[in-house]
Amino acid sequence: MTAAFSPGGAPAGPMLQVRDLHVQIATGRGTVRAVDGVSFEVPRGEALGLVGESGSGKSMTLRSILGVLPPTASVTSGQIILDGRDLVPLKQTDLNRIRGPKIAMIFQEPMSALNPVMRVGAQIAEGPMLHQGLSRAKAAERALDLMRRVGIPHPERRMRSYPHEFSGGMRQRVMIAIALACEPEVILCDEPTTALDVTIQDQILRLLARLCRESGVSLVFVTHDLPVVAQICQQVAVMYGGRLAEYGPVRDVLHDPRHPYTLGLVRSAPDFDNVREALIPIPGAPPSLITPPDGCRFHPRCKFAEEDCQVVEPPMKPLPGGRATACLHYERTIESLEAERAGQLDPVDLQVAAEQPDEAAPAAGSAP
Amino acid sequence: MTAPEPAGQTAGSGPLLTASGLSVTFNVGSAFGARIRKENFVLRAVDGIDLEIERGEALAVVGESGSGKSTLARALTGITPVAAGEMIFDGRKLAARRRGRDRRRIQMVFQDPYSSLNPRLTVGSMLSELLRVHKVVPRSEVESFSRELLNLVGLSEEALPAYPRQFSGGQRQRVAIARALALRPDLLIADEPVSALDVSVQATILNLLRDLRAELGLTLMLISHNLAVVRHLCNRVAVMYLGRIVELAPTEELFSNPQHPYTQALLAAIPTLEPGSWDEEPAITGDPPSPLNIPSGCRFRTRCPLAEQICHDQDPELRAGAASAGHRAACHFAFSAAGAAAPAGGAGQD
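So the protein sequences, as listed, match chains D and U. Residues in the first sequence are numbered from 30 upward in steps of one, following this note's numbering. Residues in the second sequence are numbered from 9 upward in steps of one, following this note's numbering.
FYI, nobody ran anything at the bench for these hints, they're computed from the structure. Remember, it's a predicted structure, so these values are computed and weren't measured experimentally. Incorrect hints may have been included.
[As the list claims (entries may be wrong)] Residues from chain U that face chain D, not an exhaustive set, calculated with beta carbons under 7 angstroms:
1) 72
2) 214
3) 215
4) 237
5) 240
6) 279
[Said to hold, decoys possible] Now the stretches of chain D that chain U is said to cover, found in silico as 3 or more residues with beta-carbon under 8 angstroms:
7) 191-203
8) 244-255
9) 305-312
[Claimed, not checked] In silico SDA-like pairs for lysine to any residue, Cα to Cα no more than 25 angstroms straight-line:
10) 332/D / 143/U
11) 143/U / 168/U
12) 346/D / 49/D
13) 332/D / 218/U
14) 332/D / 207/U
15) 332/D / 164/U
16) 332/D / 219/U
17) 120/D / 98/D
18) 143/U / 203/U
19) 143/U / 204/U
20) 332/D / 206/U
C-beta: ideal position from N, C-alpha, C; glycine also.
Chain D extracted, bound-state conformation (with noise of 0.2 angstroms):
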């Protein structure tokens, strides 16, 4: 089953655009700018992850797309163009009709995404049904098919059951069978893994690649797990404080990073396959998105900064290969990975991980 994606000749351009989105988020204490300045794209049949730590827009960005932000959220100026049409000045009934058919959605924690006083098997049915206009049968069958693909056993029988009578892992399928309903060309994914044990996170990210694969559907897959975008996606975009700071093909970008904070995550996160000596974690916290600091957003945490980096906002800097990187020294992460692999670490490195000043004083009042 692959769905007419654009009629009369072979498909052109990327999927989905976003071009210098900007999210405000209005509270009592000022604007945050959640998103600031984002541009990527997904082409077709490709899955573009994007990665940051939380408060760094990754979700807000994703929930823009389909339009499902906050109501003291909203999208002040940037295009998203699917399938070159812009969604942005949409209303929300001419979303309605791209929410399903156009784009869909995995969230994070199935139990909450899931009606629960509704069968599975129905919630399943029920976009077939308004979008396509299928007959209640035509759509039930296509719900036990849709089951079966995602491999939910006996799905005659499990049609009938109720979220609560799913395991986690069983619910995430449901809930990609929903996504699929109406032959999306974009499935957005929020932490589709995140609440899942590693061997039922293994299974979930098989299915989907193999989705990504088959039917041509292309994926933006947001997540903090460095491994999960190895695995499955082809492109990566690393956001921090609302900005893109690195953005290239996966495994250039994770082995080969060209932004500091980029270099910092990879170094920061225990790797099964290579096990340091001590993390290395970056320093600070960060950063408010009601005041974010002037010039480079990661310069207060940068070990690399200079004083140009605390004037001059970086602009994403195109680098061969497809990859493009948000830092005016970004020579500095080539040098450091090149003494990194001779077997000498930074000293500053070394410092940082002995004496993790991270976070040594109480920030008074600065909870979230």
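Starting from the known structure of chain D, fit chain U onto it as the hints suggest.
Showing chain U alone in chain D's frame:
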């Protein structure tokens, strides 16, 4: 850094903690309702575990959710009453209701530092209450000792008058660790200490635990589902499945030569920074069975690619291999050609 010395450093030889036949059960719902639904009423979360924790080691307990690893931790700490079995700590049998010293010497750090700290107590009052009640130091030294504890976990003294809400997640976890260390425990049990924290903060807490172990000679038991964390921090690993330990070995031995098919599947499921090939079958299919309904014989057989008739009939015991006494596995085919020949996470079934 003048570190508070753990109390039992010099005492005795032999394992620090020996648990034998340890079982923890929970009653689910009502006995009457269970009879009507023809379901089991008693959930065996921990089902007859024998475990020795050596002095100074860092033991990891890994497994899927529902495998009973947190329940085991809580039973060892004495928070959850045990249904059967006994625990011997530093040569003394632990009573069902622990008192003073026994309570003090095993301390726990919980997963979620947002809910494990009392929101109405300042860090200072939290620590001084503990120190006074357990008479850890003379009253006159309570405050200086509190400062010392905070320094030990990398917090400044300004933290004393602050409430938990004023701290970030990583800082709260440091407070929780300071609270556990206040009683100079010999055994620190950490239940998923970093999984509620942001990635960039996890490293600081892991480094802290590693340094504390080196400085204080603490014995650590780490509950985790993240095998990368385990490899970084621990020297021995116990793999749990449905309330039992199915494999127990030194870390590198376990990861390089896993004997139990479940361990092999767990290892194969870890995502790494190297892009994988998705053409193979998943290492393990299906969900773990409900602990209310544990399969007969080997409890892993319903998901096991190697399962045969013997697995259905006989419950395999945790036994050591001929070559290495420190490596034990509960599988009929472990340490044999059949078990070793199974590629790590190779075969899958449906």
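Tell me the numbers of any earlier hints that the structure contravenes, in ascending order. 10, 18, 19
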